[in-house]
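Colleague: Chain by chain, the residues run as shown.
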Amino acid sequence: MTNKTFTGTSSYIATDDMKMAVNAAVTLERPILIKGEPGTGKTQLAIEIASSLGRPLFEWHIKSTTKAQQGLYDYDAVARLRDSQLGDDRVHDIANYIVRGKVWDAFAADEQPVLLIDEIDKADIEFPNDLLQELDRMEFFVYETKELVSARNRPIVIITSNNEKELPDAFLRRCFFHYIKFPDSATMEKIVGVHYPNLKKDLLKEALEAFYKIRDVRGLKKKPSTSELLDWIKLLVAEDIPPEALRSGDSKSAIPPLYGALLKNEQDVHLFEQLVFLDRRTNRQ
Amino acid sequence: MKPSITELLTLLEAMKKGVAGHSVEDFYFLSRACLVKDESKFDRYDTIFAAHFQGLEDAFKALVEALPEDWLQKQVELMLTEEERKQIEAIGGFEALMDALKQRLDEQDERHEGGNKWIGTAGTSPFGAYGYNPEGVRIGQQGSRHRNATKVWDKREYRNLDDSVELGTRNIKIALRRLRKFAREGAEDQLDLDDTIDKTARNAGLLDIRMVPERHNAIKVLLCLDIGGSMDDHVRVCEELFSASRTEFKHLEYFYFHNFVYESLWKDNRRRQAERIPTSEITHKYGPDYKLVFVGDATMSPYEIVYAGGSVEHWNEEPGAVWIKRLLTAYPKAIWLNPEPESRWDFTPSIKLTRELMNDRMFPLTLSGLDSGIKSLR
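Chains as they are written, first to last, in our numbering: chain A, 1 to 285; chain B, 286 to 663.
Derived from the structure by calculation, the hints contain no laboratory data. Each hint should be verified, as a subset may be incorrect.
[To be verified] List of simulated lysine-lysine pairs, DSS-like, C-alpha gap at most 27 Å:
#1 A:K19 / B:K458
#2 B:K535 / A:K19
#3 B:K458 / A:K67
#4 A:K222 / B:K458
#5 B:K326 / A:K67
#6 A:K122 / B:K458
[Claimed, not checked] Residues of chain B placed beyond 12 Å of chain A at every Cβ, according to the derived structure:
#7 I459
#8 E533
#9 E538
#10 T651
#11 K660
Virtual Cβ for every residue (Gly too), placed ideally from N, Cα, C.
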């Protein structure tokens with residue numbers, strides 16, 4: 001089937017366990033469930049897999065109101081009703097009013113596609129159960145046209161979850177599972193490296209140090225993650241902040257510049273400022 | 286979730302197709318992706334994997350001496366209590382303990398349960414999941430300390446994730462679903478097919494499109510939670526209930542009380558002395574269509590319920606029993622969920638008393654209790 005393996009790309013650092021999980025899913029043509037903190041590149045992974053294997057990518061973003069059926073197809077009854085009023089000839093064929101969903105698009109693709117089901121935990125708690133059969137057999141039935149749609153090439157299905165809801169066991173049993181753990185600083189250096197190849201070494205070092213320090217602050221509501229670090233570094237470069245300004249030993253600028261890119265909620269900012277204040281006081285004594 | 290035969294077959298199929306290559310590390314990643322579907326269980330998996338493969342890797346002689354797996358499994362959950370920690374300090378710290386443990390492992394050749402040795406059996410620690418953070422002695426780690434190369438599974442990086450609140454709420458959410466009451470409110474954005482057909486027919490076939498708002502769960506819930514004191518033992522189950530209700534009900538108002546409800550409740554435990562909300566204000570603000578749910582162990586001195594001034598925290602002008610009656614009059618649909626086991630209810634006078642005040646609508650805070658509670662709320 002496929003002899004290519006996923007090894008990460010020039011813009012995405014894949015760890016060994018991630019490669020193994022992805023390759024197992026690709027080889028066995030089973031869905032893979034990706035979990036991890038927000039901002040660790042779950043959605044990005046699907047995009048990178050598609051581009052590294054050279055496959056078309058279909059993205060299905062799930063919202064709280066998304067129904068499983070919408071991924072398969074929609075029957076546009078209103079359009080048909082309207083056409084019948086206008087005496088349009090199309091009205092006699094119901095197939096004209098079946099609107100394909102993302103899953104159908106992926107099933108109909110000429111070469112094996114990558115299908116991303118993004119943030120599956122956003123949907124109703126029964127949503128994953130409604131997709132069991134479709135993901136298992138890679139086929140579904142269109143009742144309106146009495147047609148069985150089966151995948152021409154079994155897509156590589158990538159499902160991401162933010163852990164907002166627990167997923168049903170039956171669903172989990174059918175998937176491979178990978179948890180993107182938060183990168184350690186060595187991996188993080190590589191990740192920043194592929195995004196900003198020309199970054200000054202000392203700036204990177206200081207930025208990472210400050211970043212991990214902030215992550216270590218206890219009680220933060222939302223810890224900054226990889227994507228926030230990348231944004232922050234982009235800002236630092238754009239503003240041309242000198243590396244010395246990040247050094248926390250300097251008590252005047254103990255709060256890292258542009259920290260708004262890292263801390264996204266006022267309680268966290270407040271907590272952080274308080275801690276810095278306490279820190280300064282102990283330093284003075 | 287325990288891995289089933291489905292996962293095993295997947296793993297075997299993947300092995301057959303040569304996904305894992307021929308290194309133990311690859312096999313470790315592959316079998317983890319196949320068998321473990323929950324990152325909070327990675328740590329456990331690592332431990333077992335380490336314990337299992339340590340023998341296989343070194344040599345075949347180790348295979349013969351390999352520890353029985355069920356014995357190891359018990360060890361996985363090993364953790365130390367405060368008291369035990371002191372004992373360890375007495376022995377001479379962690380390193381000494383590790384040596385002693387290694388020695389014990391060498392001596393011990395069958396599964397050990399009971400007794401008061403500090404190895405202990407899994408799950409007997411009185412602190413449970415909320416006790417001392419399980420930095421306990423694990424057999425997998427033990428192996429790596431004496432070898433120079435640390436394997437991935439010996440790093441055990443997933444330790445902190447165990448027992449986050451969101452996991453385990455699925456069952457509660459499913460139970461709470463039964464309380465759903467759908468109603469249409471808000472913007473009209475859905476086609477009402479029946480009404481459209483009806484109106485179109487009446488309109489002599491000229492299309493008359495009718496829209497309705499989407500259905501939402503319109504159930505309204507007032508949640509009153511007992512906090513502090515004897516409730517500390519039940520924090521976990523209460524957090525699960527709370528976090529499940531927060532996502533399930535759009536109209537959820539929650540208040541805290543300590544031991545029993547009196548003339549005021551609060552929303553923020555840190556500022557509970559400063560920001561109290563009078564109970565009468567609550568009954569005025571939220572209409573009788575709200576369902577009232579108390580969560581508390583109702584374990585206290587009966588005086589706290591029946592006497593003015595009985596509260597342990599402040600001077601209450603009127604007894605708690607009066608206040609709960611007022612609340613029950615304001616909210617005819619009410620239940621009390623009690624995390625204490627049902628078998629103990631009859632032996633605690635305050636629980637009996639509360640149950641009588643609730644007209645017997647007290648249910649244990651378990652899934653089945655929640656089910657019957659919800660039935661009586663409907």
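Colleague: Each hint should be assessed against the structure and marked as holding or not.
Modeller: Status of the hints after comparison with the structure:
Under the criterion of a C-alpha separation no larger than 27 Å, the hint pairing K19 of chain A with K458 of chain B is inconsistent with the structure, at around 35 Å. A hinted pair counts as satisfied when its Cα atoms are at most 27 Å apart, and K535 of chain B with K19 of chain A does not qualify at roughly 40 Å. Distance hint between K458 of chain B and K67 of chain A is fulfilled; the C-alpha atoms sit about 19 Å from each other, no more than 27 Å. Taking the CA atoms of K222 of chain A and K458 of chain B, the gap is about 24 Å. The hint holds against a cut of 27 Å.
Of the supplied pair hints, the one linking K326 of chain B and K67 of chain A is violated, its CA atoms being roughly 30 Å apart against a limit of 27 Å. For the suggested pair K122 of chain A and K458 of chain B, the alpha carbons sit about 14 Å apart, so the restraint of at most 27 Å is met. Taking the minimum C-beta to C-beta distance to chain A, about 7 Å, the non-interface status of I459 of chain B is violated against the 12 Å cut. Remark: the non-interface label on E533 of chain B conflicts with the geometry, its nearest Cβ contact in chain A lying 9 Å away (cut-off 12 Å).
The claim that E538 of chain B is not at the interface with chain A holds, since no C-beta of that chain comes within 12 Å of its own (minimum 21 Å). The non-interface label for T651 of chain B is consistent with chain A: the shortest C-beta to C-beta separation is roughly 18 Å, beyond 12 Å. With a least beta-carbon separation of about 20 Å from chain A, K660 of chain B lies farther than 12 Å from that chain, consistent with its non-interface assignment.
The structure fails hints 1, 2, 5, 7 and 8 (numbered hints given earlier, in ascending order).
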